[in-house]
Amino acid sequence: MLNFFQLILIYAGIYAIMAIGQNCITGYTGMLSLCHAGFFCIGSYATAIICKVFGLSFWLSLPVAALAAGLVGLLIGIPTLRLKGDYLCIATLGLGEIIRNVATNLNPVGFSQIPRASLFGYEFASRYKVPFIILIWAFVLVFYILFQQLAHSRLGRAMVAVREDEVAAQSNGINVTKYKISSFVLGAAVGGIAGCLQTAYTLTVQPGSYTFMVSVMVLCTVVLGGMGNAKAVILGAFIIQFISYLPQLTGLTNVIPAQAKQIIYGLLLVVMMLCRPQGILGRDKYRYGDPRTRMEKLADFFHRSKKAKGGRA
Amino acid sequence: MSTLTLYMQYIVNGLTLGAIYSLIALGYTMVYGILKFINFAHGDILMVGAFIGLLIYNGLTGGEAADPGAWTLIAFFIAMIISMIACALLGMLIERIAYKPLRNANRLAPLLSAIGVSFILSNGAAWIFGTQSRRFPYPFNNEPIHIGAITITPHQIVVIVVSVIMMVLLTSFVSKTRMGKAMRAASLDQSTSMLMGINVNRVISLTFAIGSALAAVGGILASFDFRVYPSMGTMTGLKAFVAAVIGGIGNIQGAMIGGVLLGILEAVGAPLLHIPNGMRDTVAFAVLIIVLLVKPDGILGKNEREKV
Amino acid sequence: MRILETEHLTREFGGVIAVNDVDFHVEKGLVTGLIGPNGAGKTTLFNQITGVDKPTSGRIIFDGNDITGLPAWKISRMGIARTFQNIRLYKELTVVENVMMGLHFKVGSDPFHHRFAQAVKSYFFASRENREVYGRAMEWLRFFELEEHAQDFAGSLPYGKQRELEIARALAADPKLLFLDEPAAGMNPAETSHLMSVVGKIKGLGVTVVLIEHDMKLVMNICDNITVLNFGMKIAEGTPNEIKHDKGVIEAYLGKEEEE
Chain H
0 MLNFFQLILI YAGIYAIMAI GQNCITGYTG MLSLCHAGFF CIGSYATAII CKVFGLSFWL
60 SLPVAALAAG LVGLLIGIPT LRLKGDYLCI ATLGLGEIIR NVATNLNPVG FSQIPRASLF
120 GYEFASRYKV PFIILIWAFV LVFYILFQQL AHSRLGRAMV AVREDEVAAQ SNGINVTKYK
180 ISSFVLGAAV GGIAGCLQTA YTLTVQPGSY TFMVSVMVLC TVVLGGMGNA KAVILGAFII
240 QFISYLPQLT GLTNVIPAQA KQIIYGLLLV VMMLCRPQGI LGRDKYRYGD PRTRMEKLAD
300 FFHRSKKAKG GRA
Chain B
0 MSTLTLYMQY IVNGLTLGAI YSLIALGYTM VYGILKFINF AHGDILMVGA FIGLLIYNGL
60 TGGEAADPGA WTLIAFFIAM IISMIACALL GMLIERIAYK PLRNANRLAP LLSAIGVSFI
120 LSNGAAWIFG TQSRRFPYPF NNEPIHIGAI TITPHQIVVI VVSVIMMVLL TSFVSKTRMG
180 KAMRAASLDQ STSMLMGINV NRVISLTFAI GSALAAVGGI LASFDFRVYP SMGTMTGLKA
240 FVAAVIGGIG NIQGAMIGGV LLGILEAVGA PLLHIPNGMR DTVAFAVLII VLLVKPDGIL
300 GKNEREKV
Chain C
0 MRILETEHLT REFGGVIAVN DVDFHVEKGL VTGLIGPNGA GKTTLFNQIT GVDKPTSGRI
60 IFDGNDITGL PAWKISRMGI ARTFQNIRLY KELTVVENVM MGLHFKVGSD PFHHRFAQAV
120 KSYFFASREN REVYGRAMEW LRFFELEEHA QDFAGSLPYG KQRELEIARA LAADPKLLFL
180 DEPAAGMNPA ETSHLMSVVG KIKGLGVTVV LIEHDMKLVM NICDNITVLN FGMKIAEGTP
240 NEIKHDKGVI EAYLGKEEEE
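Those protein sequence lines, which keep their order, are chains H, B and C.
0 is the number of the first residue of the first sequence in numbering that gives the first Met the number 0; add one for each residue after it.
0 is the number of the first residue of the second sequence in numbering that gives the first Met the number 0; add one for each residue after it.
0 is the number of the first residue of the third sequence in numbering that gives the first Met the number 0; add one for each residue after it.
These are computed hints drawn from the structure, not numbers from a lab.
You may find that some hints are simply not true.
In silico DSSO-like pairs for lysine-lysine, Cα to Cα no more than 30 Å straight-line [said to hold, decoys possible]:
id, chain 1, residue 1, chain 2, residue 2
1, C, Lys-73, B, Lys-294
2, B, Lys-99, B, Lys-35
3, B, Lys-35, C, Lys-53
4, B, Lys-175, H, Lys-83
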């Protein structure tokens, strides 16, 4: 049981990272992309090849994976991102499948027994989950901070403008194409890094595991929490992984069919769109219109909690 | 066999494939014409149609064990009609539950909802029927007929004949009947047609019903070649979508032409370019993306620009 | 002095000529009205000049530079701002955030000239930059007397205020030339007269204004020059008084007398 909770923590972390990337693409810039499984796949392969074939360090594979996924994102982004909503969705779906097909054709069996990652002499072994949880969630924290900063900067604001109205954004001097491509490349790179972490944990890579299902799961994660809200996306990752491990957690693996989780994801997408399209936590209100400094905000936060306490007492 | 007859043979095979794509593409195109959105779940409706058809046919005849004869042929058409009705109802139900409330929502919402529906249908089917693929037994004697050097199997003839009948019926429905005219009006301008007293909700329901019924036929006809399994709709559906785009999405004649064109291209192109089996899907997706990029308006489509 | 000139500007849409060989010019510092019956090609002309759409042929000269066919965002950065006929606000953002978007390329008056360096700076000093942009946006809101709505969602404002907010957003970019596409459409008389005073204030800032408008009272009152389009062609230009008595214009609006 504890084992499954640890597993959930690990996979929730990996999906949270992927979802932060997807959120940059779909939540901020408003592009419905369905090829995150492809970027995930590229990252996993980068780690596998660097660690296994070249025998180099896992840490080196991180920037390589980010670059590779980002580069692929750039190559496919330049032509496809001028497509509008529905068409973009289908085109990226196709691209995700192409990446997987190419990976399958180049190396149908994948890689196994990939060397373990190590840090300051400590070797991460799949048996010990707690170090992995710490490692992965450290990455989640880093990406969370990086992307929150992005969202609250002029760059993130421009992405939101693109999401809200492309024509108006152009007329405000915002280079729509540039922001669309940057956000796509950033999202892709983050997806690649999630792939590295997954490989570091499983130490095997199989082309069969980067299906369309993964892309939908990531999308579901973003939609569930709330598009454009980084905190919500992390919450979404927990819920999605919880659903995924529901049979094991409840011990009902024989009763609950293997497809149950996919059906639940499907239902979640429909129900969320019908009842709460803004997600559980809703959109970040993007308080750029908040003139306080970070210190002032902090002071206000404590002030408020003090007030709240005082109120109760 | 000379090269010419070889290609004639490919074209015959391509026509069969293309007829199926056309039937399915019609559903995409009709829905897009009115709602300006891609019904992601359409491919899965085709799969449901194939399953229903197969189950009813097997129930009526005993399946593989039955000797092809008059009864099996009748049973086949009964199964097809019941499957069409069932899918029409399913399509209407999906529209009512998952799309209608989102008609005024932002444009990502119905698309996400459609992806959800598609997931529910394909995985639901995998749950109920299992993931193994099943053969759809031929309800007639499928001895190949040789015309000169070209071989045509009766199932190809059935596929083409049934598709042509369906398309003729649809074309006359859309151009002759009141409801068909209402449909065309709604696809041109929804709010104006509403002001003209057209019940747009009914038109949309009907569009989904017709599209889904055609998908059911397409699914059953496709299952002779492709077998029946829960994820059969994904690839076939996507190819049909490409067909709809090639023909000009939103255009009914375009979907028919696009489907046949894509079928022939696939049947002729794959052997001509020596595309290995494993790469076929990759090539199909690449073609899809190229079509979207180069000719998003299709052959018969009109260039739609956003009014500023 | 002419701040904007078009030479033989033509735009065809698949055989239909929406703008036909138009030589349109705008005098610096004045308010120019662009009028004409529906479908005369006024908005199309706006779209060509502001880069939303590309002309089929002809040239557009702004402030001595040829801007023909440049993308809209570049033209906007050169100093042409605009509003839209069917209001295009960022409806799900707040009023002040909308104006902040208008300031997008105005932030970063800093030693970094390189764009990438500027982006990096914007990223790391986001909150400081935000405060600066916020302050400037609030100034514009005060100018338009919208500051009390600063934290409301743009989509929730009444129609007239939305139009004014769109003008505020455009002005925030500190343009040399401001295009207003039917600013008074859908406004009640009180809102229209407020708009007139706003346009006056904008002119007072030294911004050249071009506006498309159907409200003749407004046009005749605030415009220094008027250009009239009909069927994509320029049929008249001059002061409001000249236009009022121009035979061609009267015919375009009312039809030829003999035909009645």
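Status of the hints after comparison with the structure:
1. Under the criterion of a C-alpha separation no larger than 30 Å, the hint pairing C:Lys-73 with B:Lys-294 is consistent with the structure, at around 28 Å.
2. For the proposed pair B:Lys-99 and B:Lys-35, the alpha carbon gap of about 13 Å is at most 30 Å, so the pair holds.
3. With a CA separation close to 26 Å, the supplied pair B:Lys-35 and C:Lys-53 stays within the 30 Å bound.
4. About 34 Å separates the Cα atoms of B:Lys-175 and H:Lys-83, which puts this hinted pair outside 30 Å; it is violated.
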